[in-house]
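From first to last, the protein sequence lines stand for chains A, B and C. Just so you know, we're using the numbering used here here: the first sequence kicks off at 33 and counts up by one. Just so you know, we're using the numbering used here here: the second sequence kicks off at 535 and counts up by one. Just so you know, we're using the numbering used here here: the third sequence kicks off at 13 and counts up by one.
One or more of the hints may lead you astray.
Claimed, not checked - Pulled a few chain A residues facing chain C out of the computed Cβ check, cut under 10 Å:
#1 ALA101
#2 PRO105
#3 PHE109
#4 ILE162
#5 ALA163
#6 GLU165
#7 VAL476
These are computed hints drawn from the structure, not numbers from a lab. Glycine is no exception: its CB is placed at the ideal position from the N, C-alpha and C atoms.
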Amino acid sequence: MNTALNLLHLLTPESILVETILVVLIAGLFKATAQKRNMLLSLTLIGGVTAGAMLIFQPHYGNIANGMAVLDPLTRFIKVVVLGLSLITAVYAVQSNIRQHFAEYLALILFTAIGMMLLAGTENLLMIFIALEMVSIPLYLLAGFLKQSSASAEASLKYFLVGGVSAAFLLFGISLIYGTTGATSLRDLAQSAPAVTRDPLFLAGLVMAIVGFGFKVAAVPFHLWAPDVYEGAPTSSAALIASGSKVAGFLILAKFLAIGLAGAAGSAASSQLQPGWLPLLAVIAAISIVVGNLAALSQSNVKRILAYSAIAQSGYMLLGLSATGGTALISVLFYVVVYALTALGAFGVVLHVEQRRGGSQLHHFEGLHQSAPGLALCMGVFMISLAGIPPLAGFFGKFYLFAGALGSASQGGNLGLLWVVAIAITFNAVSLYYYLIVLKHVFVTPATHPAEPVTRRNAATFVTGLLAVSVFAIGLYPGVLLDPLRAAAQAANRKPVTAAPVQPK
Amino acid sequence: MITLNDYLLVSGLLFALGFAGVLLRRNIIIIFMGLELMLNAANLSLVAFSRFGIVNGLPNYNGQMLVFFIITVAAAEVAVGLAIIVALYRARQTTNVEDLNTLKF
Amino acid sequence: MSPILFWIFSALMLGFGAATILNRNPVASALSLVVSFLGLAALFFGLDANFIGVIQILVYAGAVMVLFIFIIMLLDLKAEQRRQINIPALLGGVAIVVAFTAQLVTVIRSYKAGNEPFAAITPNLPDAHNIGMTLFANYNLPFQVIGVLILVASIGVVVLSQRELK
């Protein structure tokens, strides 16, 4: 009885989202018109904002059934971020070419949001698996939502097959980790993991679990699905896959490694290589950066460029994880959040171009600065931020990340991770090329397309503008995002686990 | 005497078998069956570990709970996956992955 | 579980698992998969996990297999045509699988703790009762989330497989 009440108390925002979904689905049964889509969107937004408000007024700490559901300031911060990203995707959806089953589309976006929030708020291997599926299954469906389009169906199937294989690897890994340590909660795992770090079976489980997560965050060599899915899926779905699911995926990978397996880290320093997850992560990061940036050079579709750029960005984030050794998540989380905002904004511009000009090839972007100067400016902000040029937010993200990588290595008495950082900085310069190619088409190349009607303002372009402003603002004042993150992380670290107000039975 | 390692060996072989099906076959339905074999392999090793980690004559139920939830999630995933295959078949009239080449760089 | 039964059911499971991925005809594959699932359920019974074994038969051999067969019939899939085999891809795939299997088997063989015999279990264990208690006490949250997950699946399946009225 007590447990059930605590559960409801701790997960009020998620419950509100489920109720919103039911209301949206029922409202969707009435006849379809353009007004109805706006009405459904308002319902979704009202529910989402209510859930967000509930999140803010929740108790500060909570812990149910030994980490099945946890709440602390950091978790809450990430929950607000993923909820916000999902709601922005819902706004995009109104402008996209989803005409049929619009209520179901919004419902699936909200389901994804629930999954990501549960994922952010758990420290249990079983819940991690279920929440990952709760994110993945709606995303498979969102990717295949335009079923008349064979590209969409194909993207959905590829995403599904890769997701299934990754889930199987993750599960087999979890089974071996559970078997060798006897733990399913990350806190228990942290206690028993150091005893078995030399056990080959445990290491095999660790590697298979990281392979499973590697698929989810699209790191090389598990990245092949990403470009096809980004290109084939409806643009609003791709935006959610690129932003929200990436934030949630990295948060949970960081938690899994930092909380559960800090004792099995090993070392990636070139002079003192030790087996563990650190060297594995460092190598995956380096390959992702190289392959992602090189493959992006030869693309002609902006969605594919964004996909390969996302793979390279995954590499930077993994570098951050392997560098800090999980002790300081702040720089990685800062980077991930900034990346998610930027990618979401870039997809907003792509959505606009696609709707107006019928495609997302580079030549569709020609002369955008004449027909939609505001959006062209936004695209400039997003591309330059992704390339990591000051004074935009992306620069500070990379700066903290690289500084952290060098700093943590120097604590060990040498610059062991220098080789990865060197690769990262070199290929960051390479990446500048393809971001500038996009901008060249936007700003320099004259339009070859017939002039389209002047853009009317709509909610999606407004939100895109807002994202650009926030990326700009975070660049000028990194503290806007960094301070709350830092405060939340400190509060989360101070938390005495046993003194949590909501106790497991 | 059958030991834990025998169960793990069988489970590992089943996983490899499923993986081979996923990598080598070109029919989506068969690939999908390979996926199911991989999930079942994880279930077998979980139940074996649960029986092995016995305390006071009771198995470690955490492992069996994992299996319970994996079976449920897998059922939901099968439903979604087969719906995706049906949608793809309607759009393309194929169940062969080599025909999936609309998206290429 | 007596060693003879263990090896019989393991062989059944692995043999029909191999038949699943080797068969050219999808219906034959699906039926082999059922036998493989049943062999696995028998192994579960041998591990004193009776409830899980029953679930395995009901859900996998029952529901999941019916879905597979239903889809194969719905799409009217025939035995595959022989296609030009892509030799380098096939060799690469086989190499990956063989290396993976060898690695996995080596690792499992080296697991020392696993060579000890299984400890004795309480006779007449009230299996379903214990699982029910665990499920509704510690695993209450995942249980409810699974309910939402099945709602997702049913909504998605209806949307994806419905034919649009033009």
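Status of each hint after checking the structure:
Using the Cβ-Cβ criterion of 10 Å, the hint placing ALA101/A at the interface with chain C is satisfied: the shortest such distance is roughly 6 Å. Because the closest C-beta pair between PRO105/A and chain C is about 21 Å apart, greater than 10 Å, the hint is violated. For the restraint placing PHE109/A at the interface with chain C, the shortest Cβ-Cβ distance is roughly 21 Å, beyond the 10 Å limit, so the hint is violated. Hint status for ILE162/A: holds, given a least beta-carbon distance of 5 Å to chain C, under 10 Å.
Given the 10 Å rule on beta carbons, the hint for ALA163/A holds: about 7 Å separates it from the nearest Cβ of chain C. At a threshold of 10 Å, the smallest CB-CB gap from GLU165/A to chain C is about 6 Å, leaving the interface hint in force. Given the 10 Å rule on beta carbons, the hint for VAL476/A is violated: about 42 Å separates it from the nearest Cβ of chain C.
The structure fails hints 2, 3 and 7 (numbered hints given earlier, in ascending order).
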